[in-house]
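Protein chains in written order, with this note's numbering: chain S, 1 to 626; chain G, 1 to 113; chain L, 1 to 236; chain Z, 1 to 495.
Among these hints, one or two may not hold up.
[Claimed, not checked] Take a look, some chain G residues computed to stay more than 12 Å from chain S by CB distance:
no. : residue
1   : Leu15
2   : Tyr16
3   : Ile19
4   : Ile27
5   : Thr52
6   : Ala53
7   : His58
8   : Gln64
9   : Met65
10  : Ile79
11  : Ala94
12  : Tyr97
13  : His99
14  : Gly101
15  : Gly110
[As the list claims (entries may be wrong)] Across the chosen pairs, the derived CB separations fall in these ranges:
no. : chain 1 : residue 1 : chain 2 : residue 2 : range
16  : L       : Lys158    : Z       : Lys443    : 42 to 52 Å
17  : Z       : Arg30     : L       : Lys158    : 13 to 23 Å
18  : L       : Tyr119    : Z       : Arg30     : 39 to 49 Å
19  : G       : Arg106    : L       : Met197    : 52 to 62 Å
20  : L       : Leu147    : S       : Leu620    : 44 to 54 Å
21  : L       : Lys44     : G       : Gly50     : 45 to 55 Å
22  : L       : Pro26     : S       : Leu620    : 17 to 27 Å
23  : G       : Arg109    : Z       : Gly493    : 51 to 61 Å
24  : S       : Ala193    : L       : Ala24     : 45 to 55 Å
If you are wondering where the hints come from, they were derived from the structure by calculation, not from laboratory data. A virtual CB, placed ideally from N, CA and C, is assigned to each residue, including glycine.
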Amino acid sequence: MNMSLMVLLLTPFTGGILSYLGGKIHRSVRYTFAILFSSLTLVELFFYYNKPVNHFVLGKMFGSVMILQINPISWLFAFIVTTISLLAIIFSVNDMEGRGGLDFYYFELMVVEGAMLGITLAGDLLTFFLFWEIMSWTSYLLIIQGGNKSIKAGYKYIIMSIIGANSMLIAIAMIYGKIHTLVFRNVAMLLAASPHGFDIAIFVLFAIGFFVEAAVMPLHTWVSDAYSEAPSSVSSVLSGVLEKIGAYGLFVLLYALFGVSLLGKLMPLRFPSPTIMYTIGWFAGISIVVSTFLAILQEDAKKLLAYSSISQIGYVVLGISIGTSLGVAGGLFHALNHAIFKSLLFFTIGAVIYRTGTRNLSELGGLIKKMPVTFTGTLFGIIALAGVPPLNGFVSKWMIYEALLQKKEVFLLILALIGSTGSFLYVYRLIHSTFLGQLPEKFKDVKEVPFLMQIPIWLLSLGTIVFGIWPGLAMNVIARGEKFFGITPIKYNLYGFPGGNGMGSLKMINISSVFIAGLIVAYIIFALGAKTHRISQYDNYAAGQVVTKDTKYNYSYGFYMFFGRVVNPVFKWSADKIYLAWARSANVFGDYMRRIYTGNLETYSSYIVVIISLVGFLILLGGKIW
Amino acid sequence: MIFYVGAFILIAVGLYAIIIKKNLVKIIIGLDLISSGTNLLIVSIGYVKGGTAPIFSHPGILPQMMVDPVPQALTLTAIVIGASELALAAAFVAILYKHYGTLDIRKVRGLKW
Amino acid sequence: MIRKITYTIFLSIIVATLILFFVAFPFGKNKMGVGKYYLNNDIKQTGAANVVTAVTLDYRGLDTLGEVTVLFAAAAGVSILFYLIDQDKKKRERQVYPNFIVRVGSRIIFPFILLFGSYIFIHGHLTPGGGFQGGSIIASGFLLLYLAYPGERVNRKKLAVTEGLAGLTFVVFGAIGIFTGAHSFLFNFFPKGTLNMLFSAGILPILYIAIGFKVGSEFAGIIDDMMCQTVCGGEK
Amino acid sequence: MVNLTNPILLIAVPLFFVFLAAVIAPFSKRATKYLPPVAFLINLIITLYLIPQVAEKGVIVATTAGIKPPFAINIAVDGLGLSLAIIASLLGLIASLYNLKYITEEPQDKFNMLFLLLGTGITWMVITGDMFNLFVAFEVTSISAFGLVGFLRDKDSIEAGFKYLVMGSIGASLLLIGVVMLYAATGTLNMADIAEKIARFSFRQKLLPYSFIFTGLGIEGALFPLNAWLPDAHPAAPSSVSSILSGIMTTAAIYAIIRATVTVFNYSAITPFILLIALLTLVFGETSAFFQKDIKRMLAYSTIGQTGFFFFAFSLGSVQGMQGAFMQILNHSLSKAMLFLIAGAMITQVHSRNIDDFSGIGKKMKISSVFFAIGAFSLMGLPPFFGFWSKLTIIFATLAYTNFYTITLVVILLFMSVIEGAYFFRVMQSMFFGKLKEGTEIKEASPGLVVPFVILGIVILTLAIYPTPIIAVSKKIAVQLIHRAVYINAVLGGL
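All chains should be modelled from the sequences, with the hints used to inform the complete structure.
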């Protein structure tokens, strides 16, 4: 028991090293080690399902103990990390085949997994930051595996993530300067006793770091490029897990370090929730709406999913920032759900890319018959994403809406609802342009993906159903976690929420039954109704022209052009452009600065004289420097 | 005191030459002036009024009558070091002249920024 | 012009501050700290009549070792810098033809110069002078030879061996001190002898002779390199 | 019993080998190149032998001429000096092993002598206990460096060498003037003795000699704005020399400044001023590095930035600041030396110093590129490498008291670390993922070049895995440095 958390933490790292070395022998050894060790991590994690560990001393650094701990919330996030990483590893066995440097790729994947696990297990800020930094640069190495364009994306990511990490570092150092220990509990005590200005500074600095990683606007600019350019399995890790780590950080910040009551005291303004949390809620709300709109306009499947990730993480952050038990539960649950369905979507789109080689939506279409499993996975994914019952996305979104209603935060609710509606538009676009409609001629030999790539799709589809119908499975962990952090958990049961205390009830088993019943009824009507007459896709005409196989007859480019015309003028100013402008002006400034090295000997020697004579001048003045 | 001032002026003139003069040889002369000035300064620090050379050349000379021997020893070292620097500098100038065909420092500006 | 005035002002500020500093330590005032100790203990501890020599070689012997090393480094640097040019011009070519008087005169004077130089460094511990001065004088003799016979060259191999051996002598004699009772580098382990005699002051004369050879050969080497730069060519 | 661990052997042994090389050279030029590794190895062994003694006594003092310290030159080795001596010997050993294959230009005998002298001078600088001796050691170092910078004799290196020489000579003269002023004021040259006697002087009287010494050493120590020679000189030298120059030589000069500031002058009042200088050094170094196209020039500017970084940590004046400074010195020395060695190995293959020409060589020169990445990561302070801990220590030290001023400082520091990350990542990206230029035949450098920097890389990796002992030791060193009385008493009272 004593070494066990260490063992858990070291398993993925060991696996990474072993699979790297094993890859030198044979590639099957590499895959065996990678899959074995990441499954092992998952298995080990289940030993802690009901067993929180508070204090596992890792070592001592700068007079501050480095500890590991596991509580239900960290368990939840560790579960997300290990599951999605395992599935990504399985998925990339075929997906990444034939690329160079695979040993290194698996090594990196396992190290990223270990680092993220370390973040969730960290019991003090130093450990947290250590693994955070490891995670940043190793995930950078993963992103740039995707070829030429990904390098630029990765560059943007690493710069932003260094900035975020550094901002956290300032906050950590400020805390360390006061109490010389960084354990969460002591930090929380310090924050409770500190002046408000200090607390706010700490909060903002941490929040910048977490916002970058969680891709909350306006620090999201790295996401769209990085997700779309990285290999698909990496994108699913990034979107499914990395973002959640940012959300986890935000959760730790809000509830482990600060706590709602302290946050309420910091800026006593009359809002439904503490001002700081309210502000974060607005950041999240704007994230939801803006990135939903952006997702609608994308032509690139992975970019679409990337923007959708930003908007979905907005829900998570929004839920966490509401501050009520229901909202927190909703946010955390949505984190789990989003990890499931977004990874699922990335896997299915990855499968499509694997077979067709393109991710441009306008080039795809009609793959439903060719890739049925992938289509089914996508269908589950988009239903979950759009928040349609009975799948899991619905439950968590319902909880967030309910929490917003309880708090009477009407504007945020409207933003959230707009985002949800908008997501219908883009998920429809996604599945329509990919699987429905006309099959382009060049893809007529496309086959279903290999079995190994289907496994993650199947499992995650199952996950959307399981957590949709039995939300209590997740709520079990979440409620214990809430109790751990001193929040009274809401009432729940296996199938949903019994309601009470001004909260509506939700019983997913009923909804699902109705839903399934409806499906059955519809099928019966469909079966008993008039016989359909099947005709070929090309037995048709459009605008007086006969449709042939080499012309497209359905909308695929500029699907929502009408919508774009409305919102594009607003998006003329993007955060990305502003950052680039800053970078450019800093560039120019730096370029001027370095001209001090003129290459001119007399200038150089005159610096010496000037310096000494300045000192001399001070002495002549009387030796008073300051 | 005049020795001090002379030494300082030598140093200042040396620095002036390095900053203002364009000719490489003059710059080297500037370097030499600085080191000469420094040596003059060191020796004059060691001087004790009415003192004699610190050598026990005949029994009548007592330690109390002598000037400070340390600065003289330091000067000895400093002179040699200055000479070494100068030799190396002269060598550099000779090669620079081979490369650039001129002794103008303004032309020797290949490396910057 | 403005630059000149500006820097003149800057430099005069430096001079002014330096003067201001040294007002507290006026010229001619006895500022001796450790110097007094040297003067009082010189005869007892080193046995050298010339206290400057005692300071240079014994009390501050490590400085002298460093200084020799600096000179050695400079000589090596000069020969590095002139190396390429040697390759360019293999042929020895006479450019200057000094007249008869210079050639014969230099041949006559050269041994005397060597003798004088050797005298100075051998008597370094007794009279003003020492290895550096003597070595420089010897090198000036070589310079004179070069002026008279631009086409001829000294044997660089012998010079190199000389300077190396001289340096080794210094280091080895210094290191012996570590292994004697004092555990101290440059410990004067030889008998001190009688004051003002040639064989006195322990290892100091030996060190000064080594330095004399070393400085002489190094300066000669530098002169050789520089002469080759303009007059002759080809190191080997 | 014969005391074989006398620290003066650190000077005597390499000098013996230098002069031996001079004797051997006329007969066999090849043989001389085996002397520097041997000498540095012996030095390394001696320094390792000294570790327990220093750990036990704090400061070990060796006399010369059998006279006790204030009256003769003494060698005083404390924790900081010894660690720098270890680094110097280690880097010297590795770079001289690298030289065996790397240096093909003539005259090799002179090169080897100068290279050995450079290492000796650096060791000498960090262990001496006498101000004038410091000047001499400084000159040994810089004169051999002048010669080595000009070693390749092409247009660039001659120009760089000349600039360096003029700047370095001015610096040496300034240092000498400062030392002489101290002598005029106190009548002694021993550091500890000066430290005792100078205590009675006012701030104003101390300022002028201090500023001369500071400026003189600052030229060599690459402090802004006196560092303009550095980006010319370091790239122009052969890579092994650059690795020594960047890795330890500027650090040795900084060491001398630290020694002068803390031990000799006890000048805590000056720290805001040097903090400003350090910050400017950092900012200008990193900013200029960002714009470089030449890999060695970029590394040289990065050296300026790093120097500013650890000098900044030192100028905080606290124990933790010194600790951070020491850790960063260690980290920077090892990583930067390794980066220069690798850059040299790559240049032998690519035949260009332009970063654009390095694109894609990561696939061909795997070992070099991977170790380049390790060095760069360590330099940037990414975990788990040692640089992370030193960066953390420095940041913690800066923010020991939170106010507007310290936060501004930290923001500047971290902004610079972002810039550093930006240019290092840019290089690594093009190395690993760029397109290989067509028609270029690039393969891994010969083992003679690879093995030395791999050894260095293993040292860095070891530090990454076991940082704790070094962190503990660095704290001890910092405490020892701050308590200057220990040093002074050991020198003056001992024996």
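We went through each hint and held it up to the structure:
no. : hint                              : result
1   : Leu15                             : violated, 6 Å
2   : Tyr16                             : violated, 9 Å
3   : Ile19                             : violated, 5 Å
4   : Ile27                             : violated, 7 Å
5   : Thr52                             : holds, 36 Å
6   : Ala53                             : holds, 34 Å
7   : His58                             : holds, 46 Å
8   : Gln64                             : holds, 35 Å
9   : Met65                             : holds, 36 Å
10  : Ile79                             : holds, 22 Å
11  : Ala94                             : holds, 17 Å
12  : Tyr97                             : holds, 15 Å
13  : His99                             : holds, 15 Å
14  : Gly101                            : holds, 18 Å
15  : Gly110                            : violated, 7 Å
16  : L:Lys158 <-> Z:Lys443: 42 to 52 Å : holds, 45 Å
17  : Z:Arg30 <-> L:Lys158: 13 to 23 Å  : holds, 20 Å
18  : L:Tyr119 <-> Z:Arg30: 39 to 49 Å  : holds, 40 Å
19  : G:Arg106 <-> L:Met197: 52 to 62 Å : holds, 60 Å
20  : L:Leu147 <-> S:Leu620: 44 to 54 Å : holds, 50 Å
21  : L:Lys44 <-> G:Gly50: 45 to 55 Å   : violated, 25 Å
22  : L:Pro26 <-> S:Leu620: 17 to 27 Å  : holds, 19 Å
23  : G:Arg109 <-> Z:Gly493: 51 to 61 Å : holds, 54 Å
24  : S:Ala193 <-> L:Ala24: 45 to 55 Å  : holds, 54 Å
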